[in-house]
Amino acid sequence: MSHALAMFLGFIAVTLWITWWAARKSAGANAFFAAGRSLTAWQNGIAVAGDYMSAASFLGIAGIIAFQGYDGFMYSVGWLVAYLTVLLIVAEPLRNAGKYTMADVLAYRLSPRPVRAMGALSTLTVSTFYMIAQMVGAGALVSLLLQSTGISYQTAVIGIGVLMIVYVVFGGMLATTWVQIVKAVLLMAGTILLSILVLAHFGFSFGAFFDAVGQVTYTNAQGNTVTQDFMTPGLRYAPPYGALDLISLGMALIFGTAGLPHILVRFYTVPDAQTARKSVVWAMLIIGSFYILTTFLGFGAATIVGRDFIAANGGNNMSAPLLAQALAGDVFFAFISAIAFATILAVVAGLTISASTSFAHDFWTNVLHGGREQREGEEVRVARITAFFVGGISIVIAIVLGPTANVAFLVALAFAVAASANLPVIVLSLFWRRFNTTGAVCGLATGLVSSLVLIAMSPSILRADAIFPLENPGIVSIPLGFLGAVLGTLLTREPQAEHKFTELSVRANTGLGAERASSH
Amino acid sequence: MSNDDDPTPLSGSATDVAPLGRSTPKPLHELTADEDRDVVDWQRLAATDEFKSLLKAKARFVVPATIVFIVYYFSLPLLVGYAPALMATKVFGVVNVAYLFALSQFLMAWLIAWAYVRAAARFDRMARAVVEKGTR
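Order-wise, the sequence lines are chains A and B. Read in order, the letters of the first sequence are residues 0 to 519 in numbering that gives the first Met the number 0. Read in order, the letters of the second sequence are residues 0 to 135 in numbering that gives the first Met the number 0.
Derived by calculation from the structure, the hints in this document are not laboratory data.
Think about it this way: if two alpha-carbon atoms lie no more than 16 Å apart in a straight line, the pair counts; the simulated EDC-like pairs of lysine to aspartate or glutamate are:
#: 1; chain 1: B; residue 1: K132; chain 2: B; residue 2: D48
#: 2; chain 1: A; residue 1: K277; chain 2: B; residue 2: D123
#: 3; chain 1: B; residue 1: K89; chain 2: A; residue 2: D210
#: 4; chain 1: B; residue 1: K89; chain 2: A; residue 2: D228
Owing to the predicted nature of the structure, the values given are computational and were not obtained by experimental measurement.
Extracted from the complex, chain B is given alone in its bound form (with noise of 0.2 Å):
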């Protein structure tokens, strides 16, 4: 794999995976990324209106989704630190919103892991149409 008038390595060379260490030819599912280069001809399949939609579809869910966590997480450190006084706020008994607040991170992260579950199923089905396509 090596080009000897360029020494710049070529990524994805031989390096890039090590063999198993058996002397008889890999099965299938061991060859490296480069030896199963050939199989699919990526370029095509990262062209077709498939691929692009799966892309989109894991886009518009993904990008939301992390704004959401991040931002309803950091609000916490930052309203504790800079808001003090309405964290300190009571509810009920000396149960205050700075700790309702907590608890409601853990919520939040379990309702966004379980809403990308469900999409997530549906970039599934998108993924396997894109092979059926490339492996056809």
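For reference, chain A alone in the conformation it holds in the complex (with noise of 0.2 Å):
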């Protein structure tokens, strides 16, 4: 057996262990869908690194920057900096006044039925794009990683869905926390040892290190040997539409981040909203530091493993678990590469809970059946029923596409989607006394329409016919988002609205009346 495999199988044991403890220690919906509100902020803080620290982020980016150099490093930035919107507009009052999904924050002042169906709409479309753009990669690369063991790209997407599955219907939000939690500890030892041992390859001199980087050598597109200087940018975001394309990107980050549900829920596992503030704090820190650490990662994979290397062995992607290889040998190499499988797998376990939690929540008991529930305990079932689905249909999509599919544009989409359609609204929704119902649905169906139409037409999907130029559309489907939310208010007056305003106004801001943790 490899020891990738074997360290596989291990961190699956340790997780199925925290679903079992998990399991036995809750019941009910607070515990269910909210851990019973009494994480502390620490915990919550390195789960919300654990949530937000995709394959994409480690796998990704240390690849971006091990083949475009520093244009992959000022990828980086815009993930850190997004947190900055979470915590000053948005973790305090989402707690404050919310419950368990991001529509409860717009119910709460709006007529709940139709922005309930409509943030639930969008959930699912941020939640299942998200998810499948992390099955598709995962499958591909866990077969990538096991190659010695023969599993197909089919048997590891199905094995990665049915253990999402199982963490979130048997220990719903408090296994996928400590999941997410185990996720962010290695991942960041997993970091440290390997930006360590890139320094120690050059003696621990940062000149020798950045000498290298200035001077990386590699095959190009037209087969000749080309020494460059990754230090600089511009090797990826070139004219004509270059800049424009990183500004849209940044934008989707900024405003999208504090849109993203999965991120959202996270807040409302904390007792009260002090500590959902300190929570974000332990995020910014851990992201942050994990960040600013792709600088050895990638210009280490560019300088000691070699862009050419990397991509007659399983292309950009590859980069961490490679450098890992070269640095420290096989078993290192299978320690990353359990890194990358933990660290997809608490993604999309987060993804799975924040979908269910909205279909349930928002969808089921609100929508359909009047805020009522038909049976005890209906709610948390609905949620674990719609696990299942949610699991099942990500599961069957991401075998269809296949392992070459590219699905780097449904992370961008799903941003784009959550920085148009859901960020607007929340920030009016708190903020502007006159936002009513008409103006809230509104926002979201231009944000949702917009983003999806633009990536459409954009060059990920269209090639080189694209009629969109930029593969990332918040630059324009933001502003469409916010536009469509303010006019959609200005056509109606919703009296109701206005003056529950004050009330929501006084919770969001003094936690008065703020769902307060369950004891266990």
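Dock the two chains into a complex; use the hints.
What follows is the structure, encoded as structure tokens:
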């Protein structure tokens, strides 16, 4: 049995034990959807980081830096700065005014059924797209990492899908949280170790390290061997649209992170807004350190392993594992591969629980059944069934698309929808008294549709025939989302919503009447 | 909670938050927005000087901080995109302005977060004063 497989199985064993422990410990809706709201700041902070740093971060960014140098690192920056939006604007009011989902905050003063229906639709869209991207990437990756054991793409996808369903269905939010915590700790440990090894390779001399980055040799598309300064911008984002695309991506990150349903629901797992705030700060420390260290992962792979070798051995996503192999041999390669696997599992589990919660709480209970459970415990039961379906559908789609499908655009799409549909209505609902139901529905619809349409017309789908020249639609779709929300609002008046704004504002700012932690 | 004459659903009506599926009366901490609405006179509370100064204090921090971080962040892709020569200027070795500017973004984010946490301790005190007034 290969080292990698043994480590994968070890991680699976630990997480299944966590799930068993969580299943015994928790009962009831508060426990299933929000881990009893009794996590501490550091626990939730690490879990937020674990929920957020996907395979796209760990493998993807290391790969982009290894292949395109500085431009890839610039990618890293936005992922941290985005948390300022979460910290300054969204986390605390959300915790004070909501219960289980993003739509709770909207339904607080707007007409609940339409905004919950739209909120659930947008949550499910973001979560499933993001999940399919993760699953396809994960399947390809796991079969590549476990090449020697002959595990196929299909087996890998089904395995990941079944595991995430098990975590969520049996362990709920508590198990999901601890899987994310374990993953985040492993990911940080692996990243720090790799960075130290990279520096050790250069005799712990930053000068030698950066000198090597200044002259990376590789074979370009024309087959010529070239030496390039990887610190110089412009290797990825070239004129005429490069800068615009980059700004557009930045907008999607800065405004989208605070609209990602699986991140938002994490703030319901702590006892109060103060803890939510502290957990964002914990998350920022971890996420920031991680993305700074991508310097060593990415440039390390470019200089020590070399672009040509990575391209010949699985492509740019394999940069970090191959770097580990080059520096410390097969056992370390297995360890880094297991971390990549853990990373994927923790993220898909987070996506599954946020999608299931939104369907059960927003759509099933509140839209279809007028806010009342027909039988005791129904909401949790529906969420568990939804998790099965969400997982099953993702497995099927991921298998149909196959390992070679280009799914990177799905991540861009998820962020674009979060930034263009979710964030405008959350912000306006919290801060604009005049805002109303029509505005929320229009905003969500415009943001959702414009993101989908613009991505469909982008180079990601239409290649050279693209009608819309940017891969990231944010620069157009975010203003459209806001515009839709504002115009929709101005078309109608809703005195109820305006009256209730006072109450929302007092609650959001003081925490008066906020959901409390349940004692176990 | 439904009003039969008016087809418009009331915001914050019974659909607002699902009951948690228990047959006994809910404990206080599980009351929904609607059920404990009358515990607090929101309008009166919102009109107090304490609450108004809380909102003002928050806005005085959050608005400038948001503008600063957005301007600072977007100047990175803007400068990299439209002033590539400046950004490629080497500072020491091959380390250039672009890389240092990108690194400074991390510092900026952490500094603003730190400043916010400090300021928020004051907001918490002010919020407690409002709550005390409201529940007295």
